[in-house]
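In order, the protein sequences belong to chains C and E.
Residue 575 is where the first sequence starts when you use the working numbering, and the numbers rise one by one after that.
Residue 385 is where the second sequence starts when you use the working numbering, and the numbers rise one by one after that.
Source of the hints: derived by calculation from the structure; they are not laboratory data.
From a predicted model like this one, the values you see are computed outputs, not experimental measurements.
Cβ atoms here follow ideal geometry from the backbone N, Cα and C, with glycine treated the same way.
Accuracy of the hints is not assured; some may be wrong.
Computed list of chain C residues with no C-beta within reach of chain E, every gap over 10 angstroms [as the list claims (entries may be wrong)]: (1) Pro679; (2) Pro740; (3) Glu791.
Have a look at the derived ranges for each label pair, beta carbon to beta carbon [as the list claims (entries may be wrong)]: (4) C:Gln602 to E:Asp635: 19 to 25 angstroms; (5) C:His588 to E:Ala549: 36 to 42 angstroms; (6) C:Lys784 to E:Glu601: 46 to 52 angstroms.
Keeping only pairs whose Cα atoms sit at most 30 angstroms apart, straight-line, the calculated DSSO-like set for lysine-lysine is [claimed, not checked]: (7) C:Lys850 to E:Lys386; (8) E:Lys404 to C:Lys847; (9) E:Lys648 to C:Lys736; (10) E:Lys632 to C:Lys890; (11) E:Lys648 to C:Lys887.
Here's the letter readout for the chains.
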Amino acid sequence: MATILLIAEQAHGHLKKATLSALTAAQQLAQKGGGQIQAVVIGAGAAQSAQELAAYLPTVHAVEGGGFEHALAETHAAAAVEAAKKVGATDVVLAATAYGKDIAPRIAAKLAAGVASDILAVVSANQFKRAMWAGNAIATVEVTTPVKVVSVRATEFPAAQKSGSPGAVQQLGVTAPAPKTKFIEFNEVKSARPELTEASVVVSGGRGTKGDFKPIEALADVLNAAVGASRAVVDAGWQPNDLQVGQTGKVVAPKLYIAAGISGAIQHLAGMKGSKTIVAINKDAEAPIFQVADYGLVADLFKALPELTEEVKKLK
Amino acid sequence: MKILVTVKRVEDYESKIKVKPDNSWIVTEGVNYRANPFDEIAVEEALRVRDANAPSEVVAVSIGSGAAQAEIRSALAMGADRGILVKHDGFLDSDAVARLLQKVVAKEAPDLVLMGKQAVDVDDNVTGQLLAEYLGWGQATFASKKESLESPEEKAKKPGLRFGADKKTVQVAREVDGGLEVLEVQLPALITVDLRLNVPRYASLPNIMKAKKKPIEELAPAALGVDVSPKVKVVRVEAPPARTAGIKVPDVATLVKKLHEDAKVV
Ligand SMILES: Cc1cc2nc3c(=O)[nH]c(=O)nc-3n(C[C@H](O)[C@H](O)[C@H](O)COP(=O)(O)OP(=O)(O)OC[C@H]3O[C@@H](n4cnc5c(N)ncnc54)[C@H](O)[C@@H]3O)c2cc1C
């Protein structure tokens, strides 16, 4: 019987939400191709995260230990492959996050598998939809190898539901290969706001802010929203890199996306077109962002955003 | 130091991309081509590393049809020393590209391979990582730097990659979820680059002229002993679901009313 192995992502004993979307994709794959799902969690805190994941799945493997403390592609891909061999995996599924993108191809290379990257939909047991050319085209790709690796765009799949009976966690002993890579440091961008890819409301600013994000942040505060940005903003160093929404940044699909001072280049749209409701505030009535906006307001953002913040406050 | 850098010929991101009526691919007639923008950042970094570590050499490699000579020439015009074209007409999946590059690396024995983190045509972000695993090398994907693109370091065209004094290791700041991670990779190493590593230079006219005389070697997949049949095939290409423009609202009060009463999102 086919076995699908889900590679979970976690940090310090906490599961990343994207993993639950990848699990939904794995479940769809199991429905279409048959088979059962098991998962593996790798890294410091894996046992604790595995416990969390066991609420969704009967069997979750945990790989911990010195060699896996940091998420190095070499060691984590090696552990994932050990787990895949142990369970006889025909498919390896993981979220297309920075972590997932870093390790998925290495896993595929070790398993002589084809890799379908950043999929939007499961068409059949070996066919998947994915975006190409900045979302200007949607391709159906077919993986022709016996073993397949699939990375999943989390915004396209809802989070999986807990199963009735919690599963079991099994420690998996894997010897870490001596990596040619060493972790030096992590400069975390700390924010009290919801995570960009997980927030139900996102307020994004573009070059039109001229680097002044105060009106964006004030609105984000009253909406409990995450803050996003266009490439122009991030390139200028006005906001951290990891706030870039778009083709080559984060893909978001909140219930409300507010774009202020963003022109709406195709590369930006590729990262937010899937939002439920889009609001655009731009002083240029011809800006392409208005072509995808449900509600467009032609206005100066420095005037409109503070007003909007006040009006929303009144509603609460 | 020897640096191998990849340049893929891709559709210009400013061109209008349309799907073919028979859903087999996109319309290529009337589309402009250029080097993948991420690869241009890789070329720029390769040149900065070379110039900071003389004597060094930068070799630009492309895999594609004869037309990809143009993208190699553009890398040579930026300043790369010589080019290699692995000539193949038609579709190649990223795995075949990685296995072809593996052979080129075996032949050239570079200390560093620099690639764009993704090609903006198929957008799959896998080739560098596949190659690193096939080579058994360490990797640092999504290379960036701590300094911004407006910083004095960038204006002085300093490399973002930091080599150890013995030139046996390189430190790379990576754009990952939640911040910047710094890794140290042993050489030879594979690095894929992100947008904030540098601002690529424009080729000057004299350098464009000089590039015409620089050598480009041609190789063939069969001679390299690589079976290029794809592990991942494209079976259909469709236009994305269209999102229709909504309405313009006259003022903030109307906007809030709509969001509250119609869309019910605030
Ligand atoms: C390889 C590649 C990858 C890319 N990836 C991404 C990506 O992932 N994400 C991304 O966002 N971009 C990406 N880009 C860049 C993209 O093409 C655009 O350049 C970028 O999105 C523009 O950002 P912007 O809309 O903030 O700036 P601009 O295009 O300069 O637009 C600024 C807008 O602000 C408006 N404005 C100015 N002042 C005000 C005011 N006071 N009030 C209201 N409106 C005002 C103007 O009318 C204008 O429409 C990529 C480009 C390339 C080549």
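Hints, one by one, checked against the model:
1. Pro679: Given that some Cβ of chain E is not farther than 10 angstroms from that of Pro679 (chain C), nearest at about 4 angstroms, it is violated.
2. Pro740: holds (28 angstroms)
3. Glu791: With a cut-off of 10 angstroms, Glu791 (chain C) remains clear of chain E, as the shortest Cβ separation is near 17 angstroms.
4. C:Gln602 to E:Asp635: 19 to 25 angstroms: violated (44 angstroms)
5. C:His588 to E:Ala549: 36 to 42 angstroms: Hint holds: Cβ distance 39 angstroms, inside 36 to 42 angstroms.
6. C:Lys784 to E:Glu601: 46 to 52 angstroms: With Cβ atoms ~49 angstroms apart, the hint holds.
7. C:Lys850 to E:Lys386: Violated - the C-alpha atoms of Lys386 (chain E) and Lys850 (chain C) are around 49 angstroms apart, more than 30 angstroms.
8. E:Lys404 to C:Lys847: Answer holds: Lys404 (chain E) to Lys847 (chain C) is near 22 angstroms, not above 30 angstroms.
9. E:Lys648 to C:Lys736: It holds: about 28 angstroms lies between the C-alpha atoms, which stays within 30 angstroms.
10. E:Lys632 to C:Lys890: holds (25 angstroms)
11. E:Lys648 to C:Lys887: holds (15 angstroms)
The structure fails hints 1, 4 and 7 (numbered hints given earlier, in ascending order).
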